[in-house]
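Novice: I would like the entire structure built from these sequences, with the hints used as guidance.
Letter by letter, the chains look like this.
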Amino acid sequence: MPDAPPKRKITLTVNGREYTAEAEDRYSLADFLRHALGLTGTHLGCEHGVCGACTVLVDGEAVRGCLMLAVQAEGCQVTTVEGLANADGSLSPLQQAFMDHHGLQCGFCTPGILTTLTAYLRDRPNADEAELREALSGNICRCTGYDTIVRAALAAAGAMREGGQP
Amino acid sequence: MSSTAFVGQRVKRLEDPDLLTGKGRFLDDLKLPGLLEAAFVRSPFAHATFTRIDAEEARALPGVHAVLTAKDLPSEMQGRRILLQVPHPQITYAVTQEPLATSEVCFVGEAVAVVIADGRHIAEDAAERVVVDWEPLPAAAHCEAALKPGAPATHADRADNIAGRLALGFGDVDAVFRNAAHVVEERYEPHRGTGHPMECRGVVAVHDMAGDAFRIWTSTQTPHNTQRAVIDMFGLAEDRVRVITPDVGGGFGPKNQVYPEELVIPAAARLLGRPVKWAEDRREHFLTTTQERDQIWDVAAAIDADGRLLGVKGTLIHDAGAYLPWGIIMPYISATTLPGPYKLPAYRMAVTVAFTNLVPTTPLRGAGRPQAVFAMERLMDAISKATGLDPAEVRRRNFIQASEMPYDMGLTYRDGAPVMYDTGDYPEAQAQALAKAGYDDFPARQKAALAEGRHIGIGIGNYVEGTGLGPFEGATVRILTNGRVAIYTGAAAAGQAHRTTLAQICADELKVDISDIDVVGGDTGLMPRGAGTYASRITVNAGSSVRTASAELRGKALALAAAKFDVKPEDLELSHRAVRIKGEQGDSITFAELARMTSGMPGYALPKGVKPDLEASGYFTPPQATYSNGSHVAEVEVDPETGRVTILKYTVVHDCGTVINPMLVDGQVQGGVAHGIGNALLERMVFDADANPLTTTFADYLMPTAEIVPACDIVHMESPTPLNPLGAKGAGEGGTIPAPAAIVAAVENALSPFGLRITDCPVTPQRIVELIRAAEEMSEEDTP
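Protein chains in written order, with the working numbering: chain A, 4 to 169; chain B, 14 to 797.
Derived by calculation from the structure, the hints in this document are not laboratory data. Honestly, I wouldn't trust all of these hints.
[What the hints assert, rightly or not] Straight line, CA to CA, 20 angstroms or less: simulated DMTMM-like cross-link-like pairs of lysine to aspartate or glutamate:
| id | chain 1 | residue 1 | chain 2 | residue 2 |
| --- | --- | --- | --- | --- |
| 1 | B | LYS662 | A | GLU134 |
| 2 | B | LYS44 | A | GLU25 |
| 3 | B | LYS662 | A | GLU132 |
| 4 | A | LYS10 | B | GLU606 |
| 5 | B | LYS624 | B | GLU606 |
| 6 | A | LYS10 | B | ASP131 |
| 7 | B | LYS662 | A | ASP131 |
| 8 | B | LYS662 | A | GLU137 |
| 9 | B | LYS25 | A | ASP103 |
| 10 | B | LYS36 | A | ASP91 |
Specialist: Pasting the structure below:
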């Protein structure tokens with residue numbers, strides 16, 4: 004009979020709150036966030052690193068939650084879709100732009116797209132359409148055909164340039 | 014507030030705030046106390062038999078609660094297969110899947126056992142330890158080869174692979190071919206792809222021993238079909254099986270089926286007395302979720318000297334895959350869609366539905382229509398080549414005119430009613446699309462581009478699509494004692510924004526804001542009957558039910574208030590969630606008060622003729638399908654070196670009757686075109702000679718991305734239908750249906766210097782380079 008899978012306690016900060024929880028070494032960060040911490044806003048679309056639905060920010064960088072092990076996030080600052088809204092709970096400019104421009108339909112890929120764009124627009128607030136399309140090319144959306152997502156991102160970039168946060 | 018403050022407006026979605034902040038509740042997000050998780054043991058062979066499953070080691074693994082094979086399932090399930098959803102008299106062998114295979118598997122991925130464990134990881138560990146004594150059999154890997162004498166049988170006990178035959182048509186086909194000025198003959202081969210909603214399938218089941226009752230959450234387009242299948246399998250009264258759809262992360266057709274997991278997981282929950290969840294992963298989705306599009310069309314068109322169609326005849330082979338969960342209705346749709354917007358004096362199509370050892374095929378966004386439109390539109394392009402007429406002109410000469418509506422095509426549709434086009438202006442749709450696309454200037458653009466060494470091309474795709482199919486979809490509209498309005502509908506949403514659309518329709522009737530309305534869909538406990546979200550039918554069916562029920566509820570609220578104030582209903586109006594006397598101040602009664610009075614308030618007697626509760630229900634039953642239409646024009650650039658296709662411009666003229674929310678219809682069209690681009694250029698399920706799937710990740714099976722899909726230039730025409738109170742037609746699939754035809758035509762046009770023809774799709778970069786090389790070799794052979 005094989006040994007029980009090895010596990011350990013992990014401490015990390017998610018959306019500004021510190022969590023300590025147990026995880027098997029083999030758990031992906033996405034599984035850990037969803038099932039150990041109950042943060043189910045991060046979605047798994049392919050679990051092989053192509054679709055981008057599980058994208059979260061780890062120390063500010065967009066990372067595929069299915070390709071990173073939970074144990075690698077020890078001590079990290081993680082941001083998920085649950086942590087993108089403004090402090091008062093209102094939608095961030097990027098979230099608001101998605102609502103205004105119909106940037107989502109079923110909403111399953113949306114958390115990964117929002118996190119991807121949050122990091123991208125923070126670093127490149129002047130991104131043009133072609134750059135945004137390239138930035139989005141690692142996120143698959145089956146519903147929208149992308150155009151409304153691009154419009155939303157351009158609108159959010161505009162709002163950012165006027166001083167807001169993504 | 015005007016009478017249509019909401020209908021027709023670009024109203025923002027009620028669904029969005031939750032989905033944008035991680036508060037959506039999808040299947041795998043559900044948490045229940047004591048929840049166990051499942052993993053399935055699946056066949057690694059496309060065709061095999063087995064006699065023994067050894068699960069001893071798997072059962073011994075810590076954390077494993079059970080390993081169930083077919084013989085471990087409850088007695089009600091023994092010897093049973095899943096309920097056939099769409100019976101048809103022409104089906105030769107009406108075979109659906111067993112919940113778990115008992116002795117034979119007929120495609121890679123078919124389940125033979127399920128492990129139930131504390132978590133998915135352990136369940137998968139255990140599934141790997143289940144040993145099956147497979148005896149591989151020869152497999153039918155392709156639908157055409159499967160029909161040849163001596164081909165391996167998909168099902169070992171069958172002599173052949175014929176799943177069904179259909180013959181349909183009208184007119185004297187033989188005579189028109191005898192008298193034709195030209196005959197063009199072509200073979201078209203659209204290939205198999207799949208839906209790939211970003212959320213895979215999944216099921217959670219809870220069983221209550223008291224009363225033998227199930228609660229089942231499933232990521233489906235059709236909770237009522239799941240309920241019917243569970244009732245059928247377990248022989249239960251329908252009140253014992255409640256099926257609920259959580260948020261569903263896309264459907265596109267394949268989630269309109271009932272799958273083995275939706276029966277096995279409830280069975281496991283009952284056997285173990287614990288809630289059980291199965292969440293499909295993407296690999297399982299590639300292997301087991303239904304697919305579509307493999308067809309072979311051998312078609313000929315007879316035309317007169319002016320390029321007018323005299324007749325079309327041919328044969329169609331449709332790949333059913335291994336089972337017939339949805340019967341043979343899809344090739345029937347294909348065959349009835351082929352004539353499209355064109356006048357066709359004579360037509361004959363012989364359809365053979367072939368079993369193969371591949372995952373079953375069922376309707377996928379477009380449901381047999383993209384292939385039919387591909388065949389017809391490519392045929393129009395072939396006629397253009399044969400006659401020297403411009404492709405647009407060939408189509409123009411053959412259009413059904415707006416003045417000829419309603420137009421009886423001469424066929425019977427899948428709902429048993431005639432294929433009777435209700436409204437639409439097909440010549441105008443194409444004219445507008447060509448104008449928007451700059452079609453007249455294109456030859457000059459093409460010449461200039463070629464002078465620079467760039468290959469650009471243009472292509473047209475026209476279609477007519479039966480939508481809004483019956484039999485019905487229902488809605489209950491209720492004013493609650495908290496003063497809010499609730500809409501309950503059987504229809505389950507998977508991204509289409511039913512909450513917003515249905516609230517828009519209701520809000521205009523009840524003069525409330527859409528934020529005052531809560532819409533709950535896809536719960537069999539709240540709406541006892543329903544069909545499902547397929548065939549672009551929900552706005553027509555559920556929307557019309559909401560309109561009718563809301564109007565009735567409005568009348569009821571007015572009657573109650575009229576009795577209370579002792580005035581006539583005409584003296585009252587609805588405003589701000591209250592009924593008030595027109596032109597006066599003060600006398601009004603809120604919706605909340607009216608609801609309390611009618612919901613069983615002790616001592617309050619209902620006025621004569623008013624039924625209890627402040628609600629109204631209805632099931633809209635359309636008399637026949639309503640036909641949407643459109644014209645697409647694609648302009649592309651092709652790099653002959655790499656085979657890369659860039660879509661430079663994509664124009665859509667789309668007519669779905671009255672538009673409830675233009676923002677949402679734009680979204681459906683743009684998203685539908687993206688799917689069509691996948692079908693045209695990228696998406697192909699590839700199988701080897703033994704029927705093993707070779708494309709089982711998103712690295713092998715390419716989905717359209719933001720860099721590939723352009724912004725479509727979308728024009729709405731509105732030809733309201735008289736067939737429902739909204740005047741609406743379906744909008745969910747028209748973006749996809751003509752896109753492969755238009756794009757492939759454009760690619761062929763761009764490569765016209767090479768003199769090649771493209772008769773299959775997707776036309777991947779590799780395929781384009783192959784076609785160019787073949788054409789070059791051919792021309793070298795021709796040159797001495």
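Novice: Indicate, hint by hint, whether the structure satisfies it.
Specialist: How the hints compare with the structure:
1. Simply put, LYS662 of chain B and GLU134 of chain A have alpha-carbon atoms about 19 angstroms apart, close enough for the 20 angstroms limit, and the pair holds.
2. Annotation: proposed proximity of LYS44 of chain B to GLU25 of chain A holds, straight-line Cα distance about 18 angstroms (limit 20 angstroms).
3. For a cut-off of 20 angstroms, the pair hint linking LYS662 of chain B to GLU132 of chain A stands: about 16 angstroms separates their Cα positions.
4. At most 20 angstroms may separate the alpha-carbon atoms for a hinted pair to count; LYS10 of chain A and GLU606 of chain B exceed this at roughly 58 angstroms.
5. Under the criterion of a C-alpha separation no larger than 20 angstroms, the hint pairing LYS624 of chain B with GLU606 of chain B is consistent with the structure, at around 16 angstroms.
6. Annotation: proposed proximity of LYS10 of chain A to ASP131 of chain B holds, straight-line Cα distance about 15 angstroms (limit 20 angstroms).
7. Of the supplied pair hints, the one linking LYS662 of chain B and ASP131 of chain A holds, its CA atoms being roughly 19 angstroms apart against a limit of 20 angstroms.
8. Pair hint LYS662 of chain B plus GLU137 of chain A holds up; C-alpha atoms about 18 angstroms apart against a cutoff of 20 angstroms.
9. A threshold of 20 angstroms between alpha carbons decides the hint, and for LYS25 of chain B with ASP103 of chain A the separation of about 7 angstroms falls inside it, so the pair holds.
10. A hinted pair counts as satisfied when its Cα atoms are at most 20 angstroms apart, and LYS36 of chain B with ASP91 of chain A qualifies at roughly 16 angstroms.
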